[in-house]
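Here the protein sequences line up with chains A and P, keeping their order.
By the numbering used here, the letter at position 290 of the first sequence is numbered 290, and the numbering carries on one by one without gaps.
By the numbering used here, the letter at position 26 of the second sequence is numbered 26, and the numbering carries on one by one without gaps.
Keep in mind that the hints were calculated from the coordinates and are not lab data.
Think of the CB as a built atom: it goes at the ideal place given N, C-alpha and C, for glycine as much as any other residue.
Don't take every hint at face value.
Partial pick of chain P residues on the chain A-facing surface, computed with a CB cut under 8 Å [to be verified]: (1) Gln-30; (2) Asp-65; (3) His-73; (4) Ser-78; (5) Phe-88; (6) Pro-91.
Label-pair distances were calculated between CB atoms; the ranges are [unchecked claim]: (7) Phe-82(A) x Met-36(P): 24 to 34 Å; (8) Phe-62(P) x Lys-358(A): 35 to 45 Å; (9) Arg-160(A) x Ala-15(P): 39 to 49 Å.
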Amino acid sequence: MAYEPVIGLEIHAQLLTKSKIFCSCSTLFGAEPNTHTCAICLGMPGVLPVLNRTVVEYTIKMALATNCAINESCNFARKNYFYPDLPKGYQISQYAQPLSEHGYVDIEQNEGKKRIGITRIHMEEDAGKMIHDEHLPSSYIDLNRTGVPLIEIVSEPDMRSSEEASAYLKRLHEILVYLEICDGNMEEGSFRCDANVSIRPRGENAFGTRTELKNMNSFRNVQRALDYEIKRQQYILESGQAVIQETRLWDDSQGVTLSMRGKEEAHDYRYFPDPDLVPIVIDESWVAEVRKNLPELPLAKRERFMRDYQLPSYDAGVLTSSRVLADYFEDVANLSGKPKAASNWVMGDILRFLNEEKRDIKDCPILPQSLAEMIQLIENGTISGKMAKDIIEEMYRTGKPPTTIIEEKGMVQITDEAALAKTIAEILAANTAQVEQYRGGKEKVFGYFVGQVMKATKGKANPQLINDLLKKMLTAS
Amino acid sequence: MKITKEEVEYVAHLARLDFREEEKVKFTSQLNDILMYMDKLNEADTAGIEPMSHAIALQNAFREDTVKDSLSHELSLSNAPEARGPFFRVPKVIE
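Required output: the full structure, derived from the provided sequences and hints.
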């Protein structure tokens, strides 16, 4: 039987605020354990959490960027459960009244655009970190992360393959990073993803029993875990058994999902409105102000690059994969006036140099002005494309502008027709035998002459000019 | 009865509370009285009235996103029953 997977994703993104969501402790990653903690995030009795305004603003940003409706009024609720990384015994989250609901993003698939619904986006606090002792029956708790602001983005069960899930995840990641509200670092846990997956016979409307997948800390692992889980469920159904609703952990080293046995009792979080935090009312003017300051989003930028710079969809996709890269390209394109050449140099050489050193475009030693200048030097014939390949490497290595490198190395292309004609005449005089061959119809020797001229000029002669002059001088007797 | 002893035991378990048998009986009866009173409140006509989550008419209490000094880890750990180095130490729990 043909089965169809049904996938929904829950994404947690840490917001790039300076301070925590309900207290003034720093959110910086990597501090000494338990040094970014205070009475509020330690969950001491009698303290009063106060909401960080920037958290609300960032959440509105994400809601607008994903076409969500923003609720006029929302509040925080307590999600009650006991776990050592949660000192209060409850997590402050949003439940019945989230900040925003009913949004969507479009993903591009081979078959065209597909719309993935977003159920809700809400604010909540992160929990602490636990380290388990390998030898002793002890766990160690670092509460620096407790109270770092998170948004949870819950999708509709709209995805039908691991590829679609991966495309959706990348799209949301890209938007969060573009908005500069999340650094998107999956390894450090500032962007995390859980997946709900079930399968059903193709054509069936009812959902099958789902499992929840956790512990996938890279895009690749999300896709691998989903592929594994889809196969596992298919095997279960085909052998006449039933899928059990449970949480399963992805085990990267074995490439399998494993049941989280031991705590199979159903959760009962007993949510109720947090009396410490008053309702949040977001009026039209606040939303309008945030909307006004939204940057151009990746999809819009991609479409504009294709339209305004006449770039193929692939180029536009690569160049808009980060905001800094897109800005870099635009600077080069506008300063040089040659968008296609700019795209080729950025996507080819620049990205290759950066990838080799795992460097980010924002640390690129070649300034956009320098690259634009180099493109113009090719355009006006000062240097050849071949020379540019060497020059750009030197530019990357030294950070010097192209003109300086050209001067230092004496690399200017010879475009002086008279000088070049003189060189060619000398070569022809020294190779009379080959000249006779050419004139006798053996046109292959033409390449030999080009090589000789290149050698004599150390590769600095304009190739087009060499061709023209050689032809002229060889045919003239 | 509005609540059974089993429900009291369930809620006690969620709160990680351990009760003796006679306490369970007593709390079942007390919780029952409270829930009976809720029934009385339910008699009030609340048609067309928005439910409220807070007793005070206040909204949008915000702070600005500024970092202030945190506690030192010595102070943070000073109430902990057990600590190790800069960490809180608890019995091993793996979910």
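Hint check results:
| no. | hint | verdict |
| --- | --- | --- |
| 1 | Gln-30 | violated, 19 Å |
| 2 | Asp-65 | holds, 4 Å |
| 3 | His-73 | holds, 4 Å |
| 4 | Ser-78 | violated, 10 Å |
| 5 | Phe-88 | holds, 4 Å |
| 6 | Pro-91 | holds, 6 Å |
| 7 | Phe-82(A) x Met-36(P): 24 to 34 Å | holds, 30 Å |
| 8 | Phe-62(P) x Lys-358(A): 35 to 45 Å | holds, 40 Å |
| 9 | Arg-160(A) x Ala-15(P): 39 to 49 Å | holds, 42 Å |
Violated hints for the displayed structure, listed by number in ascending order: 1, 4.
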